[in-house]
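Undergrad: For reference, the chains in residue letters:
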Amino acid sequence: MANASDPQAAISAAAAPAGPLTTADGKPLAWSLARSQARAKRRAFLLVLPLLAFILITFVVPIGQMLQRSFYNDGFSANMPEISQWFAENPRGTEPDDAAWTALANDLLASAEARSIGVVGTRINYDVPGTRSLFTSTGRKVRRGIEPPYREALLEMDEEWGDPRIWSAMREASQPVTSNFYLAAVDRTRADDGSIEQVEPRQRIYVMLFMRTFWLSALITVLTFLLGFPVAHLLATLPMRKSNLLMILVLLPFWTSLLVRTTSWMVLLQQQGVINDILVWMGVIGGGQRLQMIYNQTGTIIAMTHILLPFMILPLYSVMRTINPSYVRAARSLGATSWTAFRRIYFPQTLPGLGAGALLVFILAVGYYITPALVGGSSGQLISNMIALHMTDTLNWSMAAALAALLLGSVLLLYWLYDKLVGVDNLKLG
Amino acid sequence: MLDNTSGDAFVAFEHVQKSYDGQTLVVKDLNLSIGKGEFVTMLGPSGSGKTTCLMMLAGFETATHGEIRLDGRPINQVPPHKRGIGMVFQNYALFPHMTVGENLSFPLEVRGMDKAEREARIRRSLDMVQMGAFANRRPAQLSGGQQQRIALARALVFDPHLVLMDEPLGALDKQLREHMQFEIKHLHEELGITVVYVTHDQTEALTMSDRIAVFNDGRIQQLATPNRLYEQPENSFVAGFIGENNALPGVIEKLDGDKALVKLADGEVIDATAVNIRERGQKTTVSIRPERVEFKPEMMPSGAHTIEADVLEVVYMGDILRTRLRVAGSDDFIMKCRNTIGQTRLEPGQKIRIGWHPQDARALDPI
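Chains as they are written, first to last, in our numbering: chain A, 229 to 658; chain B, 5 to 371.
Watch out, some of these pointers could steer you wrong.
[Said to hold, decoys possible] If you want the ones that stay clear, here's a sample from chain B, every Cβ over 10 Å from chain A, calculated:
id	residue
1	GLN27
2	GLY39
3	ARG142
4	GLY149
5	THR211
6	GLY247
7	PRO253
8	GLU257
9	GLY261
10	LYS263
11	LEU268
12	GLU312
13	ARG330
[What the hints assert, rightly or not] Calculated lysine to any residue pairs in the SDA-like style (CA-CA distance at most 20 Å, straight line):
id	chain 1	residue 1	chain 2	residue 2
14	B	LYS267	B	ASP336
15	B	LYS119	A	THR568
16	A	LYS470	B	GLY26
17	A	LYS648	B	HIS101
18	A	LYS369	A	MET385
19	B	LYS86	A	TRP567
20	B	LYS300	B	LEU325
21	B	LYS86	A	VAL556
22	B	LYS86	A	LYS470
23	B	LYS32	B	SER50
24	B	LYS86	A	SER566
25	B	LYS86	A	THR568
26	A	LYS470	B	ASP25
27	B	LYS267	B	ASN249
28	B	LYS340	B	ASN249
29	B	LYS189	B	ALA175
30	B	LYS40	B	PHE162
31	B	LYS258	B	ARG284
Think of the hints as simulated: they come from the structure by calculation, not from any bench.
Ideal Cβ placement from N, Cα and C applies to all residues, glycine included.
All chains, please: the whole structure from these sequences, using the hints.
TA: Printed below as a string of structure tokens:
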């Protein structure tokens, strides 16, 4: 805009006939605007670049990779190419012929030579538990030498090779892209003919765990609301000095380690713990009737409600602080009882904070892990404990990823539902 | 002029005291009675106790001592929602999650009115404030002036006999404020309601009220009609708070009934009307309105004392010429001269003699 100070040019530009607007020197206005702001935009982008890179490298990429494992696992197909090829060429239900046995023997030998037989075994082990050793031991024997006919030779090494479940599992694993982990995550499996069926009743655990996770999270959300609402109201209305003190009490748990908080609940709640001692001392219960308040669902509910309470109180408080007391006064002067004024005037105005708090507590609760692991016993375990189990003990990362993806999906669904019902723009986090 | 005995008063405060902390009194012995249909303004600086009085009347604060009566009935123990008092708040307090119509419907719903009756009343109220077309808007979509009208309509929709207004025009710009002052006054006359109005804006108080109660330090300093309050302030606080005022400190030289001679700091003697002084030798502050000061001998009553003044500054303000003088050692004595044809233009540095009618110089308590 070199000529911006030239009045003659400015006038001629202003008098120009209709068309795209131009600046005084005849350049398109939009172009000039973009150019004049480009520098500022570049600088602003550079400021956020480190965070962007950090999030991309440490968050988006690993999570993306992890989620990919839930439907993509080439542990078998990459290391067993020949038998995978045979599965692709022959439809389901085909009895393994000589070609199949030959391909299997060649693949086992190649994989054993390449020391990838363990990976292959692990992959099949996901579907048929206890089969990893079948692959590793057969791998060792194959390396010592194998002669045709392969069917007899392999059955000689381990007669489990004749089990149709193994063949069915290998067929499933021959495709790197699979929905089996998702099916397993909702207690379903593929029957021999490829149709989807429920697993045996005593193995159905994941759906029950999902239900329990959502039910307990909802319960904990309601409990934090019931306990937190009056506290937030008190915080918002007390004089500064007192409310600051109360705020410190609310925030104190934040400054204490999660483990310390959880273990102190153990001290309080266990059968020989403080609360039971007090109840017995007061004579409320007899010495033999000590309450089981921990290492079960009750323990999970109590400890998680306590730990998540601040996440409900803080958004509520930040919204309540902005509600002018004159609204309730106006309602009272207009003839409303204090209950009506609360119900129709005060409470609706706290909804943005309540929504934010509830969403925050619920989402945190759905993914909670340490507390249920420590105080939950067996009836207080949540789905995230199962994810952790698959991550660290069974090493079935694909299963863990599928469970996590389902959890993520259902939380996103809830978020979408919340947006439809309440509107996310009504959310106030603080 | 109503007196303070409250036999037939519509609203009466009797010996009302209020303390928030148990250490100090915010309201000290308040006695005030307001007649039916009256427009009374509580005027005072912030912290003078005027809003506390309003809140006690509305029921949001309890009187620590004394009795408040509404239509002859003591209301100290009556909760706010049973008092039937309409109230307009400083920030309007329109419920943000309701439309204008729902806001107006609220007081009718809690009174259990049926839908047809509610709608008729809402329409009537909205038409009254010329907002009939806005029933479906949200408060946030309205301008300040429109919100003000809705707040007014909501306070009136359930036909209260008493309406309280807590600085209702404080957030509006000057032009709109003047317009709304007129409209509120008009509604008051039309509906025959009693209005208690709180403001710290003296112009607002003077233009709207039947009577004004000037608050300071938890007490009513003076309760009078606007013109009495302006022309005959009863103490130095009122004289200084209402309108512009020249205060000359001095000592009573001679006292004869309500006529007093006051000796100023530099020894000059002026005439004044004794208001709240009792004896000769007492210290006093003489209060004179700037527009009552004269410098042309022919405008002064015969025999009036004149004193010498130095012109320091003349500010041209259009309708008036605001002249700052040095009088009796004080540098901020103001004289307002109307900007008429043939008005003598004073120049800084000029020496003049000024004077006034003795009844315009009021000898009040020393500041």
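Undergrad: Hints first: check each against the structure and report whether it holds.
TA: Taking the hints in turn, this is what the structure says about them:
No Cβ of chain A comes within 10 Å of the Cβ of B/GLN27; the nearest lies about 15 Å off, and the non-interface call holds. The non-interface label for B/GLY39 is consistent with chain A: the shortest C-beta to C-beta separation is roughly 22 Å, beyond 10 Å. Listed as a non-interface residue, B/ARG142 keeps its Cβ farther than 10 Å from every Cβ of chain A; the least gap is roughly 13 Å. Non-interface status of B/GLY149 relative to chain A is upheld: no Cβ of that chain comes within 10 Å, the nearest being about 19 Å off.
Here B/THR211 stays apart from chain A, with its beta-carbon at least about 26 Å from theirs, past the 10 Å limit. The claim that B/GLY247 lies off the interface holds: its Cβ sits roughly 31 Å from the closest Cβ of chain A, which is beyond the 10 Å cut-off. Listed as a non-interface residue, B/PRO253 keeps its Cβ farther than 10 Å from every Cβ of chain A; the least gap is roughly 42 Å. At the 10 Å boundary, the C-beta of B/GLU257 stays outside the reach of chain A, the nearest C-beta of that chain being 53 Å off.
Under the 10 Å C-beta cut-off, the non-interface status given to B/GLY261 relative to chain A holds; the minimum distance is some 50 Å. At the 10 Å boundary, the C-beta of B/LYS263 stays outside the reach of chain A, the nearest C-beta of that chain being 50 Å off. For B/LEU268, the shortest C-beta to C-beta distance to chain A comes to about 49 Å, beyond the 10 Å cut-off, and the non-interface label holds. Every Cβ of chain A is farther than 10 Å from the Cβ of B/GLU312; the closest lies at roughly 55 Å, confirming the non-interface assignment.
At roughly 48 Å from the closest C-beta of chain A, the C-beta of B/ARG330 stays outside 10 Å, upholding its exclusion from the interface. Straight-line distance between C-alpha atoms of B/LYS267 and B/ASP336 comes to about 19 Å, which keeps the hinted pair within the 20 Å bound. Proximity of B/LYS119 to A/THR568 is assessed by CA-CA distance (about 19 Å); at most 20 Å being required, the pair is judged to hold. Of the supplied pair hints, the one linking A/LYS470 and B/GLY26 holds, its CA atoms being roughly 18 Å apart against a limit of 20 Å.
Taken as a hint, the A/LYS648 and B/HIS101 pair is honoured in the structure, with Cα atoms around 18 Å apart against an allowance of 20 Å. At roughly 7 Å between alpha-carbon atoms, A/LYS369 and A/MET385 fall within 20 Å of each other, so this suggested pair holds. For the suggested pair B/LYS86 and A/TRP567, the alpha carbons sit about 14 Å apart, so the restraint of at most 20 Å is met. Among the hinted pairs, B/LYS300 with B/LEU325 is consistent with the structure: their alpha-carbon atoms are about 15 Å apart, no more than 20 Å.
With a C-alpha separation of about 15 Å, the suggested pairing of B/LYS86 with A/VAL556 holds against the 20 Å cut-off. With a C-alpha separation of about 32 Å, the suggested pair B/LYS86 and A/LYS470 falls outside the 20 Å cut-off, and the hint is violated. With a C-alpha separation of about 16 Å, the suggested pairing of B/LYS32 with B/SER50 holds against the 20 Å cut-off. With a C-alpha separation of about 11 Å, the suggested pairing of B/LYS86 with A/SER566 holds against the 20 Å cut-off.
Among the hinted pairs, B/LYS86 with A/THR568 is consistent with the structure: their alpha-carbon atoms are about 13 Å apart, no more than 20 Å. Among the hinted pairs, A/LYS470 with B/ASP25 is consistent with the structure: their alpha-carbon atoms are about 15 Å apart, no more than 20 Å. Of the pairs offered as hints, the one joining B/LYS267 and B/ASN249 holds, with about 19 Å between alpha carbons and a cut-off of 20 Å not exceeded. The hinted pair formed by B/LYS340 and B/ASN249 meets the criterion: a straight-line CA distance of about 11 Å does not exceed 20 Å.
With a C-alpha separation of about 18 Å, the suggested pairing of B/LYS189 with B/ALA175 holds against the 20 Å cut-off. The straight-line distance between the Cα atoms of B/LYS40 and B/PHE162 is roughly 18 Å, inside the 20 Å bound, and the hint therefore holds. For the given pair, B/LYS258 sits about 6 Å from B/ARG284 by alpha-carbon distance, which is consistent with the 20 Å threshold.
Hint violations for this structure: number 22 only, all remaining hints satisfied.
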